[in-house]
Each structure stands twice: as C-alpha cells, then as structure tokens.
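Enquirer: Sequence:
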Amino acid sequence: MEAEKGWMYNSETVAKIQLFFGLECVPVADIQDEPPQPNSNNKKPHNGQSNGVTHRPVSPQHDVSSQSLQGPGSSGESRRLGDPNATVSAAPVEYRVHNKFWHYLFAFGAALGDDIFYYTVFPFWFFNISPWVIRRVILMWGLLMYVGQASKEIIRWPRPLSPPVAPLERRYYQEYGMPSTHAMVGTLVPFTVLIVTWGKVEYPKEVGVLLAISYTLLVCMSRLYKGMHYILDIFGGIFITALLMAIVFQFLEPLDTFLITHPYAPLFSMATAFFLSIIYPTQDGWSSTRADTIVIMGVTTGIYSSLWLCHQQGIPPMYDELPSPHIKWPGPYSILLMLCRQVIGLALMGLSHVTFKTIILGILSAINGEKITEETKKQTWIEIPYKYITYFAICVALNYLSPLVFEKVGL
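Numbering-wise (my numbering), the sequence shown opens with residue 1 and increments by one.
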C-alpha cells in the first residue's frame with residue numbers, strides 16, 4: 001500500500017536515506033548466520049568510508065506494533081503497541097553504523113526536539129539570556145504541540161516499516177507518526193526566536209535566517225536518519241507549524257500580556273489546560289501522546305503562572321526586560337556565573353520534581369483508597385492531575401524561587 005502513496009510515504013525511501021548517511025539495517029537472521037567482524041569487508045553505504053564499523057542491536061521491533069500495519073487508506077485498521085488485536089510484526093532487526101560523524105550529529109539533532117532540550121535549554125535561557133524571548137517561544141511551543149500531538153491521534157498514520165528501516169528510537173513507536181512533532185519543534189523554536197528578536201537585537205539577518213533553517217534541517221533529517229518518520233510526516237509537521245505560527249503570531253503579544261498581567265490569568269490558563277486534557281482525542285484508550293501533552297500544558301501554564309506571580313510582586317524585574325539590543329559575548333567570570341545559575345536551577349528543579357511528585361501521588365492514593373501503580377497512572381482522572389499539577393508546580397517553584405536564591409547567593 002505504501003507504493004500507492006508515492007516516494008514521500010515509503011519505507012524504502014527512508015531506508016535509502018539511512019544507508020546514504022551510513023546506517024545499515026541488518027535482519028537478525030543475517031547477523032546470526034555471519035557475525036560481523038570489525039575489519040571485515042561488510043557492505044558499505046553510499047556515503048564515505050566506514051569509521052570503525054559499529055554493530056549495535058536494536059531491540060526487536062514490537063512483537064505487536066504499528067510497524068506491521070498498512071498505510072493510511074488501507075483496509076486494515078491501525079493498531080498501536082499493546083493492542084491485543086494487532087498483527088505480529090516482521091523479523092527483528094539490528095543495525096550497523098558506518099559513519100560515526102553523521103550518527104552523532106543526527107543524535108544531537110534529535111535531542112533538540114526531546115525532553116532533554118526542554119529541561120536544560122529552557123531554564124538556561126530563562127536564567128542567563130532573555131526571559132522575555134524564551135517565554136514567547138514556550139507559549140508558541142505549548143499551543144502548537146497540543147495541535148500536533150492531538151493530530152497524531154486523529155490522523156493515525158503508522159511509522160515506517162522495519163525492515164527495511166532500522167528504528168533507533170523504539171519508545172516512539174507507541175505514538176503515531178503524522179505529523180512529526182520533532183519537525184514542529186525544530187521549526188517553531190528557531191523561527192520564533194528569529195521573529196521575536198527581529199529588529200530588537202542587532203545581528204546579521206542573513207546569519208539569523210541561515211541558522212534557523214540549519215536548525216530545522218538538522219532536526220528534520222535526524223528523524224529520517226533514525227527511521228522514525230516518513231518524509232511526508234516531516235513536511236506535514238513543517239507545514240502545520242508554518243500555518244499555525246502565521247495565525248498565532250497575530251495574537252501572541254496580547255495573549256502574553258494577558259497571561260502575565262490579568263488578575264485571573266492563572267485560573268483561566270489552568271481551566272483551559274484541564275479542559276483540553278479531558279477532550280484530548282485518544283481513540284484507543286491510554287496514549288503516550290496524551291501523557292506528554294499534559295506535561296507540556298503543565299509546563300507552559302506553570303511558567304506563565306510563575307511569571308504572573310513575579311509580575312504581581314515586582315520580582316524579579318529582569319523577567320519584564322526587553323532583550324539587550326547588542327549581543328554581548330560572556331567572559332570567563334560571566335560563564336562561571338551562568339554555569340552556577342544553571343546548576344542551582346536544575347538542582348531546584350530536581351528537588352521540586354521529587355517533592356511534588358511524592359505529594360501529588362500521596363494525595364491521589366488517599367483519594368483512590370489504594371496505592372497508585374503504573375497502570376492506574378494511565379487512568380484519565382489520575383493521569384491528568386498527576387502529570388499536570390506536578391509539572392505545573394515544578395515550573396512555578398523553579399521560576400519563582402530561583403531568582404530569589406540567585407539574589408541570596410550573589411548570582
């Protein structure tokens with residue numbers, strides 16, 4: 001059925017891209033018949049020499065997974081991991097890395113759209129660069145990611161087949177593939193920064209545009225290299241992001257002002273987040289995309305509620321300051337201060353996470369009358385308050401307390 005959709009929705013196309021950049025998909029049966037040797041003359045991909053061929057196993061693609069499914073428009077019904085009615089997938093695969101440069105570059109590119117990026121870069125930008133800029137990025141991120149995540153549950157297109165594709169991030173096979181939310185993040189983050197700083201910060205505009213395009217291209221190519229999306233998923237994510245950004249930017253500034261200055265803004269944002277969580281379009285029961293989306297809404301509304309609280313009390317004033325019109329490169333002492341702020345901020349975030357997670361689970365256990373398990377966490381009335389309140393509280397504590405701590409220790 002893939003052939004009917006063209007080369008943009010074809011697993012063979014994705015496999016060829018992987019091979020071009022030095023990633024070879026090898027069925028387990030072939031590995032068992034002929035174990036690879038570090039200096040053997042294994043088949044080389046099209047791009048360059050082998051830099052010490054690495055042979056790494058991929059966990060067998062789901063025993064029951066969407067990889068065994070037909071594409072959209074097929075007579076078969078889409079199934080996801082864990083669905084008892086799904087069909088058994090093809091043989092498990094392993095892969096060989098023939099070009100470590102591309103492998104590590106695309107690993108970095110994929111990280112730009114993962115949790116590690118949100119947990120490190122967002123706080124760093126708040127503490128050390130410009131809260132004025134990053135809060136607008138986070139607002140855009142929260143709005144667009146809800147649409148992107150929900151769209152996956154509505155469109156319900158599976159991910160590329162394996163084999164021929166070697167999937168490097170098996171955990172994402174619990175989600176559908178269209179649109180690519182990595183492509184959405186890889187587009188909205190650099191271009192939101194570019195747009196909100198345009199005319200406010202002095203830098204060569206051509207360089208800014210080139211960096212934004214390079215950022216987007218790196219993230220998008222990483223999803224193809226890792227075998228997680230069809231090309232059509234990538235273009236779908238970019239198109240949806242461009243369309244939504246054109247709409248959202250019309251009211252981004254008024255919304256930002258409302259969420260920070262209106263007396264009832266936190267109540268409005270929390271009520272909206274809970275409502276959107278309840279109506280989230282999960283069609284097969286529990287969905288990992290819903291869990292991630294609840295976290296995203298908790299982070300977004302938590303950050304803006306902390307900014308609202310700081311604004312009401314007039315602390316810290318830096319949260320309301322426009323970005324400096326001149327880019328100032330930090331010296332050794334400034335870099336040390338930035339690292340100290342980052343370490344303290346992340347420590348507070350970790351402490352807040354443990355504290356609030358324990359408190360929320362304790363309260364929910366008392367209400368439920370039994371211990372909360374991994375399975376009960378997936379129940380709607382448990383998952384929404386557990387995920388949302390925990391991350392909401394973390395962000396409020398982090399952005400409200402961190403500046404006070406920095407001031408006390410002279411940072």
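Do not take every clue at face value.
Here are the simulated lysine-lysine pairs, DSSO-like style, with alpha carbons at most 27 Å apart [claimed, not checked]: (1) Lys100 <-> Lys16; (2) Lys371 <-> Lys357; (3) Lys408 <-> Lys377; (4) Lys328 <-> Lys200; (5) Lys377 <-> Lys328; (6) Lys357 <-> Lys328; (7) Lys357 <-> Lys205.
Per label pair, the in silico range of CB-to-CB distance [unchecked claim]: (8) Lys378 <-> Gly6: 29 to 39 Å; (9) Thr373 <-> Thr120: 23 to 33 Å; (10) Gln379 <-> Glu206: 18 to 28 Å; (11) Trp198 <-> Gln379: 21 to 31 Å; (12) Glu206 <-> Lys377: 41 to 51 Å; (13) Glu12 <-> Ile155: 46 to 56 Å; (14) Phe251 <-> Lys378: 42 to 52 Å.
What the hints contain is simulated information worked out from the structure, not anything from laboratory work. Note that the Cβ used here is the ideal one computed from N, Cα and C, for glycine as well.
Enquirer: Would you mind marking each hint as holding or not holding in the structure?
Expert: Structure-based check of each hint:
Restraint check for Lys100 and Lys16: satisfied, since their Cα atoms lie roughly 17 Å apart, inside the 27 Å limit. About 14 Å separates the Cα atoms of Lys371 and Lys357, which keeps this hinted pair within 27 Å; it holds. Between Lys408 and Lys377, the direct Cα distance comes to roughly 38 Å. Violation of the 27 Å bound is thereby established for this hinted pair. As the CA atoms of Lys328 and Lys200 are separated by approximately 14 Å, the hinted pair is consistent with the 27 Å bound.
A threshold of 27 Å between alpha carbons decides the hint, and for Lys377 with Lys328 the separation of about 46 Å lies outside it, so the pair is violated. Under the criterion of a C-alpha separation no larger than 27 Å, the hint pairing Lys357 with Lys328 is inconsistent with the structure, at around 39 Å. The straight-line distance between the Cα atoms of Lys357 and Lys205 is roughly 44 Å, outside the 27 Å bound, and the hint therefore fails. A C-beta distance of roughly 37 Å is found between Lys378 and Gly6, which places it inside the suggested range of 29 to 39 Å.
For the hinted restraint 23 to 33 Å between Thr373 and Thr120, the CB-CB distance of approximately 30 Å keeps it satisfied. Range check, Gln379 to Glu206: Cβ separation about 52 Å, and the 18 to 28 Å hint is violated. Distance hint check for Trp198 and Gln379: the Cβ-Cβ separation is about 45 Å, which falls outside the suggested range of 21 to 31 Å. Taking 41 to 51 Å as the suggested C-beta distance range, the pair Glu206 and Lys377 conforms, at roughly 49 Å.
A hinted range of 46 to 56 Å for the beta carbons of Glu12 and Ile155 is inconsistent with their spacing of about 22 Å. Under the hint 42 to 52 Å, the C-beta atoms of Phe251 and Lys378, about 35 Å apart, miss the expected range.
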